[in-house]
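Starting from the known structure of chain A, fit chain B onto it as the hints suggest.
For the protein sequence lines, the chains are A and B, in the order given. Each residue of the first sequence is one higher than the last, beginning at 22 in this note's numbering. Each residue of the second sequence is one higher than the last, beginning at 12 in this note's numbering.
Rather than coming from a laboratory, the hints here were simulated on the basis of the structure. Hints may be right or wrong, so weigh each one.
Cut-off 30 Å, straight-line C-alpha distance, at most; resulting in silico cross-link-like pairs (BS3-like, lysine-lysine) [claimed, not checked]:
| no. | chain 1 | residue 1 | chain 2 | residue 2 |
| --- | --- | --- | --- | --- |
| 1 | A | K175 | B | K146 |
| 2 | A | K179 | A | K140 |
| 3 | A | K140 | B | K35 |
| 4 | B | K119 | B | K146 |
| 5 | B | K85 | B | K124 |
| 6 | B | K35 | A | K179 |
Using C-beta positions, here's what the derived DEER-type ranges look like [as the list claims (entries may be wrong)]:
| no. | chain 1 | residue 1 | chain 2 | residue 2 | range |
| --- | --- | --- | --- | --- | --- |
| 7 | B | A40 | A | E110 | 34 to 40 Å |
| 8 | B | W38 | A | R124 | 41 to 47 Å |
| 9 | B | S299 | A | G212 | 22 to 28 Å |
| 10 | A | S155 | B | G357 | 46 to 52 Å |
| 11 | B | G32 | A | A178 | 18 to 24 Å |
| 12 | B | I368 | A | E353 | 58 to 64 Å |
| 13 | A | E181 | B | S356 | 54 to 60 Å |
| 14 | B | W38 | A | H247 | 50 to 56 Å |
| 15 | A | Q116 | B | W358 | 54 to 60 Å |
| 16 | B | V247 | A | R124 | 38 to 44 Å |
| 17 | A | H247 | B | L306 | 50 to 56 Å |
| 18 | B | G32 | A | S155 | 20 to 26 Å |
| 19 | A | Q158 | B | F244 | 31 to 37 Å |
| 20 | B | W358 | A | G65 | 49 to 55 Å |
Glycine included, each C-beta is placed from N, C-alpha and C at the ideal position.
Listed below are the residues making up each chain.
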Amino acid sequence: MAGSVAKVNQVRPPAVDADGGTERWRVDGRDGELELTGLQRRFGDVVALDNLSFSVPPGEVFGFLGPNGAGKTTAMRAIVGVTALDGGEVRWGGQPIDSAARRRIGYMPEERGLYASMKVGEQLEYLARLHGLSAAQARTAAAHWSGRLGLADKQQAKVESLSLGNQQRVQLAAALVHEPDLLVLDEPFSGLDPVGVDAMSEVLADRAAAGVTMLFSSHQLDLVEHLCTSVAIIHKGALVAYGTVDELARGGQLRIAVRVSGDEQAQWTSRLGGLASVDHVSRGTATLSLDRVEDAQRVLDIARQSGPVEQFGFERRRLSQVFRDVVGANVEDIGSKADTPATKEPVR
Amino acid sequence: MTRQWWTLTWLVARREIMDRGRAKSFWVATVLLVVAVAAAAVIPALLKGGPSTARIGIIGNTPSLTAAAREAGKITGTPVAVVTLPDASAAAARLQSGTVDAVLVGSKEVLVKQVSVFGSNGIATTLSQIVGLEKLFAQLPPSAVQQAISQHTTLPVRGLKPPGRSAADRFTGLAVAILMYIILLTYGVRITIGVGEEKASRVVEVLLSTLRPVQLLAGKVIGMGLLAIGQIFAIVATYLILGHAVGATAVRGASTNVVLAGALWLLLGYAFYCTAFAAAGALISRQSDAYNAALPLQIPLILAYVLTYTVIYSTSVNSLFHVLAFIPFTAPVDMPVLVAVGAASGWQIAVSAVITIVSTVAMARLAGVIYGRAILRTGGRLKARQVLRSAA
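Bound conformation, chain A alone:
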């Protein structure tokens, strides 16, 4: 594991962020920052969390990614206090999460998590009241969020009578109904149709803009990439990549894609010498690996000497590529073979 930890450091974003120069990834949490420090959890021989540390700043859509069985659910359950840790600590706003803080959390568990035979409106009101709202506030909030999520006409319907997509919306409403300051959403996009994905994305972006601290998990890295400002990617309970999506996409091996008009075989690349290596050529577009950013300009010069350049640009890494670069395996391959019992909690 030592190798991948080193790479984690490498992909860690710089201490200064683009717009303010303030220290963004500070160690001591303030405001609404959520910090996970050295989380450890074992289930028998299965290591679910392996010294997991990262922090989630408020006001961002923050993705918590990794293959199935990576330990995402365990970590999220630890944050909301429904599973114990063997070691490590979760802090929010610099404080351990106590029962008062827990009422300010909106949690959406991975599957279901609703009373099937209860009416939507009543269910939302009940959950709002459990989080400290008065009866009148709860009623207003339930109506508000039903409306926001397109469930206004479903308030009197029993949850079991709804489509799966609508049930998922009710679940999101249940997590939002008490206007929480911290959102912990376990696989909110799984099982949604494209329309549902859009609606969910919109709500997440809206909540982040409202300053909420948000952590949502997904095993489909590339599907949620464009939604996230920042991500933490884990594998076997340990952090493998962490930072803003932009930084992660730019990190690692520098790659450029170049296309010279009329050169379908990318013959021009034979003149590059040792400047760059050709990864592959596809319909005239050559993908090249470079060592230094400055080399790109010299590659461009050579390309222009060979003909008119139709396409020239730095390749962004997809998050799945980031994962592959660090772990050495495809996230889908791990996910498919591992519906491991790691997320279950066998009795020791």
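Okay, now just chain B, sitting in the frame of chain A:
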């Protein structure tokens, strides 16, 4: 336990009440129970017909036979109406149609529709004895008859021990046992299923992010308990009101201590069993396991209930039943019955009450621990012992 603690717990209880209170099955069960109890109060009184009149047919108009019929009525405490019938065929027809209860055929025989398997036909038997006596007297000199009549013709029956508890007390004891059995089984299994549903559907994860497990457990048991009390109240009120209206003997004269014992053990029995049933529900992972998980808790209940019948209709209490009245699992059913038949002394009642109270507190705690540790563990049916051995 702050006010906040109770507010949240009450929210849980309220949800249970509204959830069950809206279920059709709950109301169907309540109505069926009330109807059954109403029937139990009214039907015996109707069958007995209260102080209804015995109609005695007499063939031919014989004053001495009429006097004998009236005498039989006096002895059995039944008003008698005498019907004069012309002949045997008319008598048979009236007996068949049920418009007379017995026919005196001269001083030859007493005719009834069917002789009871128990050999006794109430007033018909008495009638046969009186007319038989008269036949006997007719053989004696008149002075001897005078002498015999001036003395009593029947002997008093005296018991060596004072009479046992009244039928009303025994009946109340049985009613408590039946009620306890029905309430504990239905609510217990219901609670196991409810807890299992919450666990299987992962609702608990959302709930337990704001509630402590013990609040969820307490709220569920309290909510269901209030429903149970409401149901019991409806049943008892129906029984008392209807019973009084029709003058059922079982309603009148049940001792207060029998009623109090019933109420106390109903409450304790509910708390003891229903926390245990909730813990059983926390052990399952799939809803289909609920009945299996609840089964071990039903067995002592069934045993205690069935054995009740060996005591209620008997003048003596077997020692097994006596022992069971002190064991927490069976005491809630058996002790009220023991009180009802008058076989429990004051100190025995006190000891059993203390045992039940202490074990109820212990069971609630144990159930709380099992529930708290097991409710979030999925992946197979757990064993209580495993859960207790493992750390939280």
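Results of checking the hints against the structure:
no.	hint	in the structure
1	A:K175 to B:K146	violated (89 Å)
2	A:K179 to A:K140	holds (4 Å)
3	A:K140 to B:K35	holds (15 Å)
4	B:K119 to B:K146	holds (10 Å)
5	B:K85 to B:K124	holds (22 Å)
6	B:K35 to A:K179	holds (15 Å)
7	B:A40 to A:E110: 34 to 40 Å	violated (50 Å)
8	B:W38 to A:R124: 41 to 47 Å	violated (35 Å)
9	B:S299 to A:G212: 22 to 28 Å	holds (23 Å)
10	A:S155 to B:G357: 46 to 52 Å	holds (51 Å)
11	B:G32 to A:A178: 18 to 24 Å	holds (19 Å)
12	B:I368 to A:E353: 58 to 64 Å	holds (60 Å)
13	A:E181 to B:S356: 54 to 60 Å	holds (55 Å)
14	B:W38 to A:H247: 50 to 56 Å	holds (53 Å)
15	A:Q116 to B:W358: 54 to 60 Å	holds (56 Å)
16	B:V247 to A:R124: 38 to 44 Å	holds (41 Å)
17	A:H247 to B:L306: 50 to 56 Å	holds (53 Å)
18	B:G32 to A:S155: 20 to 26 Å	holds (23 Å)
19	A:Q158 to B:F244: 31 to 37 Å	holds (34 Å)
20	B:W358 to A:G65: 49 to 55 Å	holds (52 Å)
In the structure shown, a violation is registered for the earlier hints numbered 1, 7 and 8, in ascending order.
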